[in-house]
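Engineer: Each chain, letter by letter, is given below.
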Amino acid sequence: MALREFNLDLDGKDETVAAVSQLDHLKMLEAESMFILREAAAEFARPVMLYSIGKDSSVMLRLAQKAFYPGKIPFPLLHIDTSYKFPEMIEFRDWYAKHVGVQLIVHKNQKALDDGANPYSLGTQKCCGFLKTRSLLDGLAEGGFDAAFGGARRDEEKSRAKERVYSFRDSLGQWDPKNQRPELWSLYNSRHHKGESIRVFPLSNWTELDVWLYIDAEKIPIVPLYFAKEREAIVRGEQILLLQAGVRALPGEKTEMVKCRMRSLGCAPCTGGIRSDADTVPKIINEMISFRRSERENRAIDHDEEGSMEIKKREGYF
Amino acid sequence: MSNATPESTDAPSASSTPFDSVGAAGSLTHALGLLRFSTAGSVDDGKSTLIGRLLYDSKSVFEDQLASVQKSKINRSSGPIDFSLLTDGLRAEREQGITIDVAYRYFSTPRRKFIIADTPGHEQYTRNMATGASTAEAAVVLMDATKGVLRQSRRHAYIAHLLGVQHIVAAVNKMDLVGFSQDVFDRISAEFREFADHLGIHNVYAVPVSALEGDNVVRRSKRMPWFEGPPLLEHLESIPASVGSASGPLRFPVQYVIRPDASFRGFAGQLVSGTLHPGSSVVAMPSGVRTKVQSIVAFEDEPDSALPGDSITITLEDEIDLSRGDMLVGEANPPSSGTEFQAVLVWMHSEPLDRHKIYVLKHTTRTVRARINQIRYRVDINTLEHVPATKLDLNEIAAVDVKTTLPLFVDPYHLNRITGSFIVIDPLTNATVAAGIIERSMERRQGPRETAAQRKHSTREERILRFGHPAAAIWLKGRPRVAELVERRLFDEGWQVQLAGPNDFLSHELVTVAKAFRLSGYITVFCPLDDGTDQKQVVRMIFGPDSFFAVRITDDTDEEAVDRIMKVLRKWRDNYSLEPENGKS
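Residue numbers (this note's numbering), protein chains in the order written: chain P, 1 to 318; chain V, 1 to 585.
In isolation and in its complexed conformation, chain V is listed as follows (with noise of 0.2 Å):
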């Protein structure tokens, strides 16, 4: 910066701005961009302190907040003011003085913007870091020069590196501690970067600091004379932004429609990666129609070309088949197409993964049902070793199989951030379960012919995997209420079940009924009329005698009968396979 003085620890003075080295506001738009990048950490190591401290240094903390921080009755720093508290904003971080969630930062060099994702680097907090590191070019790991690398420091260059973070900047922090030691600097630093190489991580900066008295943080410090490097802000202003690559190849997910008249068909959506223009080839997923770019439509002009991260709504030459969710791609390396790949999940949800549940999964724009059936192994987050796992919980790192309904157009993580990933939805609770990064499509047949597979009718796997269970039969004879209830019971778990009660249907057509639910898949709860003629065998051949459960008549309650029916189904439901049916008809 051009206003940096040689003192590292002076006050902002009333004469000194942000850009008081801008004059015109018209230059003021910066042409490096937007970086984002990720802090993990927690009070202890002065991660607030460091993010408070760059805020405060580029001037972007406003006099009265200030003001409001000095006011504060908490002072938990050794110095004056407790930077900390710029950047801690929930009422209950405050008093706990702890941050949980992400919280986002903006401040302006002369240079460029920055948007930081601030994260609690706690294990518990594993999901909140991959939330802060999955739109950051850029991770700043700090480590304390007092207690050297710790397992957190690794814990966040991994998360950081798995959610493809291309920079990665090694913060040594409290070099006041240490007496601004370059030994004890140099020791750090290569620890880290040993363990960094070790996961395949090159891009390291390291840079010695003092958040707390502003050494290297901003302005370079006269402290440690012997470090060479450009301080922390400056060499973050030098990071190259990355949006998806001009020369990549074509991705552009299909967002919205617009249709103000006949006349008018218009896909809008934001450009991946890949360029645009009037008469660009480009192939429509799934469908495989190729067609040709007519115009690109914007509000005040027409643009003779698009690039990466443009929200763009383009024209085709042909009246095509196209809608949200579909991918235009270019002829030259399409992604895959298909239904299963492997990916790396960070479960973000205190409900575990459940391998026989029906996911919701969103992917570009494109929205699908997927079940996670197998987990490959889960990662130690602190040793990162692989380990074998058959469940998934909150805050763990597991490789897994997905395989959704529909097919998906997917490039690998590494290679493309927006098209490798997606999220995990509960479709009952409609929460948010799971990020996932996809490493590999395991699809079985290329594009086109996928196409022609969709045209044939659905199989009896399809349903499995859409509903979750293959077809049952529940027999309730004499309880009505029970037949009910459990209906609703599993209605509302998200089973695909049908009531066949005693009006339903007559008694000569049970065998059809019996056949055709079986046939669409549906646990079917029977509450027959008890009139003397006994068909629960008929039933019990059709559905298999594996899948058929007769409850018995006790004495216990009507709640406590559909209890006992959910236990027993739920069993099944976890030990069915989904290997095709042999030998039943």
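Isolated chain P, as found in the complex (with noise of 0.2 Å):
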């Protein structure tokens, strides 16, 4: 068997790693996701793209939308809707799926809704692991979506730092943190099990402020509860919360005009606001770029203990 040497013929040997890529890193990362979401569409059965209504999701649509034109984006976005979620974000999702020609489902865990479940009586932990953890279990098996995009980055949270692009999920929605495929160059390993699944990130490699630029660079349409505007709100410690979607005032709290912007968009009961004068994508990038605390600060669930994100993890929770 004759052994024969490759026939690539380069000038220099260090050709191949000399050239600087034209690129800035926003294409870069640009590049990336939406190879990822190619091949994903390309090889599993029914993918879905799990759909928040935050900037993260927003992102994530254009890249889907860029990844597949000018076909159609070859999947459907699944929202799970706890129905505490702001009404200005309700609104901005039918508008803007409408607006994308994308198919939109929505799915509630209306049997907990209808037992009464809420943050205030069940605590946040719980609240979450019914109306999202299970909601999105529930969600996903009824569709039979075998793949789920999710627009989750690794700078998000000490947990997601190990997260894989591809991350696998067994049969019960769990996650295996001790226990993942490795993943190497960008071979994504999407074999699995029937009753498996696997959680897609496409944008695990950006940072909040790359989402910012991202959206700022694209034009790309965010619900207006990022943009700072004064708003009916309590105080409560160091929270802002919004009397929005069954957000009630304690006893002897009043409420006071804030002019203040959300960070992070999630339920309406645990997802406080900041104080802000950014009204515009611009204006927000600078702020970003003065803060010295991290985006997911004002979200309630992920301090209920130390580690409690890799908690709600391991059960499923996205």
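Hints listed in this document are in silico derivations from the structure and should not be mistaken for laboratory results.
Heads up, a few of these hints could be off.
As the list claims (entries may be wrong) - Computed list of lysine-lysine pairs in DSBU-like fashion (alpha-carbon distance at most 35 Å, straight line):
| hint | chain 1 | residue 1 | chain 2 | residue 2 |
| --- | --- | --- | --- | --- |
| 1 | P | 194 | V | 391 |
| 2 | V | 292 | P | 66 |
| 3 | P | 283 | P | 259 |
Assemble the dimeric complex from its two separately framed chains, guided by the hints.
Structural biologist: Here it is in structure tokens:
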């Protein structure tokens, strides 16, 4: 058997490494995310995009439009509605899905809601368990989805730093952080047995700042709650809570008008705003780069106990 | 950095931010792009502390994250802040004080964005080191100034080099513990350079640092005036990013075909190397058909060219047969196309390599079946010696021969990291079991002739390669339950098997049935009726005595009988050869 060397005839050996890319870092991130979206769309039988209405979802959706243009996005969006979302989010969701021309599935854990699930009597951890985690797993099972795109970024929270781009979930939807598939180069392993699924995170390598820079560069629509405005709120300790979607003032609390905006969007009772004057995307970016606090700080669920996000994720939370 | 201060240990103040030298938001995209670098090591040598320090001094740590670390009950460092807590993510790690898995960290300076692949350095985490290095352009090899060049440092340098990392940084840490001694640094860096030279690494930058106290990490150390090079971060900022060569040969693996309607057929993918523009001549692999690029299609504009790293969609001038897994290449310097190549494998799974198993192999966007039938040698990860080996276990590295069912279009890894790499997947568990680095192709024929060969019918050898075994007969007269169980067990384990039950054919059809199954390469489980005729010898002749197994009736249970049969079959499979059969018809 003849052993043949490769017939590549490059002028210089270092050629492949010496050439500096013309891409700036946003273009590199965009290209990588589009690659991931296409790869999953090609290899999974029934992918779905988890759409949380937030800025990351908006970016992910735009990347999907780009990845499959001029074709339509070849998978539906799935929104897990806890019924505690800000009304502006729901309004935006319905408008934007229509605007983009993508199928939108809304899933609620109606049984838990009928049984009166709410963060006040259950506590945030249990409430998330019923209305997000359980509801998500049910929504995925109902649609028979074998892959779900999520907008999570590794820079968001410590336990996410070890998350793969393709994150394997067993038939109960659980994540086993100690037993993850190795992920090398851009060779993603999509194989799974029936009932198992894979969460795919195209924005893994983006940071919060990258997301905002991209929103600015691409003029991507986002929920108006991200922009500073005088809003009716109650100030509870360090939290600024908007009086929407079931948020109630506790005895002795007074409402006031606060110029504030949301840095990340979740359920109204558990997501606080920040005082801000940033009412345009460039202003938000300028505010961001002077920020000294992380974006999930205003999310009550992350701070239940040290390592709480990891516990939620093991159970199947996104 | 323009906001660098002479003190090496100052804490971030409210007035200084990561970007305070940048005025307008518009200039925040980093022209130098992304740099991915890997680190390897354990808590002991201060790796987590170094990364924590990079994040902290480049102001990439938020106040609340810092507060949570300061609040934590654990502090393994001698300083006020245990920087390693900023990076050790998982509960198990925090509790055991070790870094188990690859973690990715992000930080930016005004000049560029960085992604750190932070990996554990112990031998049992070779796979994690390889994972981190696979996408890195630079590797920071951390050494403890009080300990010098350890096995772990060598191991990391070797793996980084193996995985094609071009820039190696030797960071000699804990300089504070050796009195910031130039002699110590010179001795350690000289020893490391000698080792690196031996490996063929010539791009080594050695820098003395104290991660704990911040010397030469982000800011130049005042306590080591004898060191004139830039601090670690400044050096990392100056390393050129590489995503593939624009002047290299064209490689465009087709990832996804976009067909919104009958009039449009676009081929989407990420350009690996070379450039594309309307009018570019391309050759489709494996068909060998030549055509030209008609247009590059994008969401809001029609770009006039595409560069390596771009995710693009193109249309072609001719309607040719082209789908996912195919590749567009240039007329000059096409990749090697073949089904046999030599590669280095990093084994990543607790289940060792099975040389008879048919694995799934993913290379660019192409997925094929493959066997790794020969281990040429294993690399002792500590001495780097080549040692003979018959097996390959978790975290071991070996040079192997790979044989695939369909041709792959490959380049040697040192010339192209994308078309030179693959992963190996276990088809039954779906686990990723190995990472592969292609050394050279062993193609027998060249491109177009390969397709002519593909049009010929499949051979016995190809079927053996796909199934993992040749044909065999199992004769189980009078034990229908055992026959069923054996068939099920073989099927579940991935064998190509068929049960030929008593009601599936008439007794006079047996010869025809046996010949058909042998030709198709099946393990055939016969359980004939006990009708007085004995056709055993006929079937034995058809399959050949080496591949015929008649099970004697004993008083064992069905399960015991199944186990006995499986044992014999596995042994048989391990001993057959791939040589063409001679004499049998």
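Engineer: Compare the structure with each hint and give your call.
Structural biologist: Here is how each hint holds up against the structure:
1. P:194 <-> V:391: 32 Å, holds
2. V:292 <-> P:66: 23 Å, holds
3. P:283 <-> P:259: 14 Å, holds
Violated hints for the displayed structure: none, as all numbered hints are satisfied.
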